[in-house]
Each structure stands twice: as structure tokens, then as C-alpha cells.
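Got chain Y sorted already, so can you dock chain Z onto it with the hints?
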Amino acid sequence: EPEVTQTPSHQVTQMGQEVILRCVPISNHLYFYWYRQILGQKVEFLVSFYNNEISEKSEIFDDQFSVERPDGSNFTLKIRSTKLEDSAMYFCASSEPGALNSPLHFGNGTRLTVT
Amino acid sequence: AQTVTQSQPEMSVQEAETVTLSCTYDTSESDYYLFWYKQPPSRQMILVIRQEAYKQQNATENRFSVNFQKAAKSFSLKISDSQLGDAAMYFCAYRSGDDKIIFGKGTRLHILP
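Chains as they are written, first to last, in the numbering used here: chain Y, 1 to 115; chain Z, 1001 to 1113.
In isolation and in its complexed conformation, chain Y is listed as follows:
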């Protein structure tokens, strides 16, 4: 079964540095998402992406964050000037075009640790 893949599985960075989290969605999916989960807390929506542009973003997704689909397969989340509170698990997800009942397929996540 096709999977969403995320790399790296764990990223450690120093405060103030920039990180890029990478995702390869399922190939025939057209909707892409980033979610984050601070340890022990709920899964929070960051951003959705469709047709090469952001379709929706949350209050969390401020100017520090950006997303890009640089080629036909990758979907990246860039976090500039990282802060300690950015430490979290970041999940990429994708879903099929069309029906609302298409579930989101999640990657295994990237654990970001900001020191």
C-alpha cells in the first residue's frame, strides 16, 4: 500500500536555525497537509496545500513557516529562526482529490528538537 514518507525521522537543531522537513505524499494525492503535535498534546493543524498554493492555514502558521512543493513529489515545511517551543512531532499528510470522506494518510512524522 502506498505510504506518505517523511525525512528525517528526527531532527535536532539549535535555536535560531532554519530547518526543512521533507515529505513525499502518496503519488496520486492532490491535497497536502502539515500537522504538529507537541509532546503529549493534541494534533494541531498547521496548513493545507492544493494546486500549488496554500488553501488554509492556522494561527500557528505565521511568517516563521513556509511550505513548498519544489517538484512533482516532495512537499516541504520550512521553519525559520527556530524557537524552543517549535520542538514537536511534525506530521505530513495527503489525501485523494474530491470526496470529503477521503481520509488523510499520515507519514510517520519528524521529531524536531530545538536546543
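If you are wondering where the hints come from, they were derived from the structure by calculation, not from laboratory data.
Note that the structure is predicted; figures quoted are calculated from it, not measured.
Even glycine gets a Cβ: it sits at the ideal position worked out from N, Cα and C.
Worth double-checking, as some hints may not be accurate.
If you anchor each label on the Cβ, the simulated ranges turn out as follows [claimed, not checked]:
| hint | chain 1 | residue 1 | chain 2 | residue 2 | range |
| --- | --- | --- | --- | --- | --- |
| 1 | Z | SER1080 | Y | GLN41 | 37 to 47 Å |
| 2 | Y | PRO8 | Z | ALA1071 | 42 to 52 Å |
| 3 | Z | GLN1002 | Y | ILE54 | 13 to 23 Å |
| 4 | Y | PRO70 | Z | LEU1112 | 45 to 55 Å |
| 5 | Z | GLN1014 | Y | GLU85 | 34 to 44 Å |
| 6 | Z | GLN1014 | Y | ILE54 | 10 to 20 Å |
| 7 | Z | ILE1046 | Y | ILE60 | 41 to 51 Å |
| 8 | Y | ASP71 | Z | ALA1016 | 46 to 56 Å |
| 9 | Y | ARG80 | Z | ALA1072 | 37 to 47 Å |
| 10 | Y | ASP71 | Z | ALA1072 | 39 to 49 Å |
| 11 | Y | GLY16 | Z | ALA1016 | 32 to 42 Å |
Relative to chain Y, chain Z alone:
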């Protein structure tokens, strides 16, 4: 704004017994979908079951079933014949016309051998 509420932060069930996880939601939409996701210790997010709001029949997937009460905006998950591998965090989720999914805070399920 839509909200999803899971009022049970943690639950425990004896192996082979049945457990029900609660979820309520708030929406003014009439067309939407509801999901339960499982997050095991590996931290993956795995779809367990989904329910279309327009369907009266409750969804079932093997040992997993839901009790969907649209008027009450309730969507509980029943796990029958609980197994050790069912131990995980369970998230209730809602999706409507704007395509994002909104998650509840989760219920941590412990399986007692």
C-alpha cells in the same frame, strides 16, 4: 468554529473486554465526515474508522464500531475483544467543506492483561 471534544483523557480496559471511547463535536454544517485515528507508541497516525454524516448506519471495521448520534453530535468508538495491540492514543476527528481535519485532544487507552 468546529470543535471536537474527547472528555476522557485516559481509559483502561481488561484484555478481551469491550471499551467505548467518547467524542462529541460542534458544527453548524450538515455534510461532514468523522474519523477515529489511532496513535500507537510509534507515534504514527493510523485511520481506524470513518463515518459519513449523511449515513444513519453506524460504521464497523472488524472489532471497531461507532455509535453515531447526529442529533446529539456524538461519535463514540467501541472496541470489542480488546487486544494488547490496541493500546494507543485515540483521536476523534472531524472534516467538512474546508478540507482540513480537526482533532480532539485524544484518549489514551490502556489494555490490562
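- Which numbered conditions among the earlier hints are violated in the structure presented, ordered from lowest to highest? Violated: hints 1, 6, 7, 11.
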